Amino acid sequence: MSELMPGPEEGMDAATSHHDPYERRWMGVSIGILLTFALSVAITGFALGFQVPGDHARVDPRTVADTPPWDRPGLVEVGDGEYEVYMLARQYLYEPNQITVPAGSTVTFYVTSVDVQHGFKLQDTNVNMQVVPGHVSKLTADFDRPGEFP
Amino acid sequence: MLTRETTQAPYELTKADKRFVGAHLVVAVLALSIGSLFGPLQAFEWSGLDLYGLLEPIGLGDYYKGLTLHGVLNALVWTTFFITGFLTLTTIIGLRRDLKYPMLNRVGFYTMVVGLVMAGVAILGGWATVLYTFYPPLEASWAFYLGLTLVVVGSWIEGYGFFFTYYEWRKENPAVRTPFIAFAGLITMAMWQIATLGVATEILTMLLPKAIGLTNGTDPMLGRTFFWFTGHPLVYFWLLPAYLSWYGMLPKQAGGKLFSDSLARLAFWLFLLLSVPVGFHHQFVDPGIPVGWKAIHASLTYGVAFPSLLTLFTVVASLEYAGRKRGGKGLFGWIRALPWSNPGVSAQLLAGILFMFGGIGGITNASYNINLVVHNTAWIPGHFHLTVATAVTLSFMGISYWLVPYLTGKPLWKPKLAVLQTWTWFVGMLIFSNAMHVLGLLGAPRRTPLGEAPYVPDEWGGHLFRMSLGGAILLIGVILYVVIVVRTALQKERLPEEARVEVPIAESRFHPQLTPLWLDRWRPWIVGTILLILIAYGPQLVEQIANAEYSSPGFSP
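In order, the protein sequences belong to chains A and B. Its first residue numbered 26, the first sequence is counted upward by one per residue in this note's numbering. Its first residue numbered 1071, the second sequence is counted upward by one per residue in this note's numbering.
Since the hints were made in silico from the structure, they are not lab data. This structure is a prediction, so every number in the text was calculated from the model and none was measured. From the three backbone atoms N, C-alpha and C, an ideal C-beta is built for every residue, glycine too. Check each hint, because a few of them may be wrong.
Unchecked claim - Rough simulated footprint, nothing fancy, chain B against chain A, three-plus residues with beta-carbon under 8 angstroms: (1) 74-80; (2) 104-115; (3) 121-130.
Claimed, not checked - These stretches of chain B come out as covered by chain A in the derived footprint (C-beta under 8 angstroms, 3 or more residues): (4) 1096-1104; (5) 1172-1180; (6) 1204-1210; (7) 1306-1313; (8) 1366-1372; (9) 1610-1622.
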């Protein structure tokens, strides 16, 4: 298209065409903000232990309800103030649907589903997991103050 | 002084192409009109007013069927049809040439329509109550999966049509920078073609074989990984056409120029590069993915926030330039000086304002362990109602306010009412999405008919009410929009020749030829995109596919 001129418009300063000074500053600020976020997340996640669930184990969703330890879902004390909970999710309930531990306990949740996907969240804790049939979702929480965490 | 404006007469779509783009809009608006009715029904149900019972006699009494219709019709159909139609226009007008193979694009469009009818019948019949994420082992009829596949394949074909057209244009114009609106549309389509490989693989290798009985089960975890390979860039497929308008059209409508052509192009390339390899940030709380890979995707997600911040700067700077040119003074005076009485402008300004909150919420969601606070809560739909349902939808509404007059040659019906419509959407969404965000922080789950739930505490009550109030205002907003565009298209009055609406194309402050050549070269960016995807997804995909167990039987609600 010959109408499109190959050169700059008249009276235009080619040197200023890119990187207006404000543009440069804004790019610097943006990178600074994002690096700060990334660093905070890295420190809290990997140094302070506020961690998301990772890969744990596979199970067969067709038989898991008959397989130990999920054939008897519930709370197990494994050490001083340390507990494990084996939980089954199904439409529309969790087994067990309520557990009680002394304040100061550490509880590790092992949750899996016998049917569809479920969301598992304990309010006011950092426990939040997608429960997917075929996989075990695992997360540990410290209950260092008394209270109810629905 | 020569400018492109004075040397180039506006390029016109042919009558046939106007009808073709218009056909996309008809389907899009139809989908929006039906899908949007179910939004307020959800909100009302949450606050204890269950109107689904009234719909029982016509087979629409199911909460989850309503939610499926709302998600599929609004988030998938309204957007995809509007976008393919809009990008047809930006390709033709931007490149100033007709499509290379007009029939190819027609084939693409009708493939999408056939797919939509199949999926629509399946949902209405109650054979696909699987929500718009259709997570296995929820199982829908084969017609739903095949229908969705055809919609995606149809959009691919339309994209091929754009690429062939661009290739021809490039041969004719070897040394010219690609005109921005065509450039932005082509990148959007290229990103979409790469991104949809994930969901295509999920449907063709797992969901469809199960639905027609070839296999006995699915691997839901692998399904999620395939889905979110597409799911996050899907968000950018919705957003980038709105960005195209904010960068390439809104400055013209506001009376100014694009502040920086090169920064705008850089942002689009970065979106191509970084849209896909971030999908695990939707799976932070999933089992089956090691934390290290989740952290890598979290970092890349901060990377994709960078072009969003560039966009914030360039769009606001372009608007300030326009406002000052119109006589706006002082730190904020330029904002008042913008042409708020033009509904096409007010829609996009208001969309942009709410999108800032959407962006902040998006960074919150993407922040790895902070995601534990909000995952699977009402916060999430609160968030995407600011993005897809406002930044995108309200911008598309604003685009319609010049596009429908342009396509039909008829004046916009009641422009003042159209301005009011944009404010209605803004206010309704402000109330609605704020209530949802707060409810999410209080622990309210998403995708749950809370009206029936026994555990709703009293402290949620006020927010649930605000949610339904916002929903009611939004319902008025969508009705106004549909009435305005339909009345515009159906009226008898025609615009006189000299008052014809033109496609608003913003000039850049600096001539695009000054933009460095590396910002107009496809190969390095495409190669970089594929490499980054292979690095960020490759090892996990190999691992998850190798360990896949198709052991989950299906569940059809």
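Now the hints, each set against the structure:
Against chain B, the segment 74-80 of chain A contributes 6 residues with a C-beta closer than 8 angstroms to a partner C-beta. That satisfies the three-residue criterion, and the hint holds. Counting residues of the segment 104-115 of chain A whose C-beta lies closer than 8 angstroms to any C-beta of chain B gives 0; at least three are required, and the coverage claim is violated. With a cut-off of 8 angstroms between beta carbons, the segment 121-130 of chain A has 0 residues touching chain B; three or more are needed, and the interface restraint is violated. Given a C-beta distance limit of less than 8 angstroms, the hint that chain A covers the segment 1096-1104 of chain B is violated, as 0 residues qualify and 3 are needed.
Counting residues of the segment 1172-1180 of chain B whose CB falls under 8 angstroms from any CB of chain A gives 0; the rule of at least 3 is not met. Coverage of the segment 1204-1210 of chain B by chain A holds. Counting CB-CB distances below 8 angstroms, 3 residues qualify, and the rule asks for three or more. Coverage of a stretch by a chain is defined here by at least three residues with a beta carbon nearer than 8 angstroms to that chain's beta carbons; for the segment 1306-1313 of chain B and chain A the count is 0, and the condition is violated. As drawn, the segment 1366-1372 of chain B meets chain A at 3 residues by the rule of a beta-carbon pair under 8 angstroms; at three or more, the given contact holds.
Check result for the segment 1610-1622 of chain B against chain A: holds, 4 residues qualifying (beta carbon to beta carbon below 8 angstroms, three or more required).
Hints 2, 3, 4, 5 and 7, counting from the list given before, are not met by this structure.
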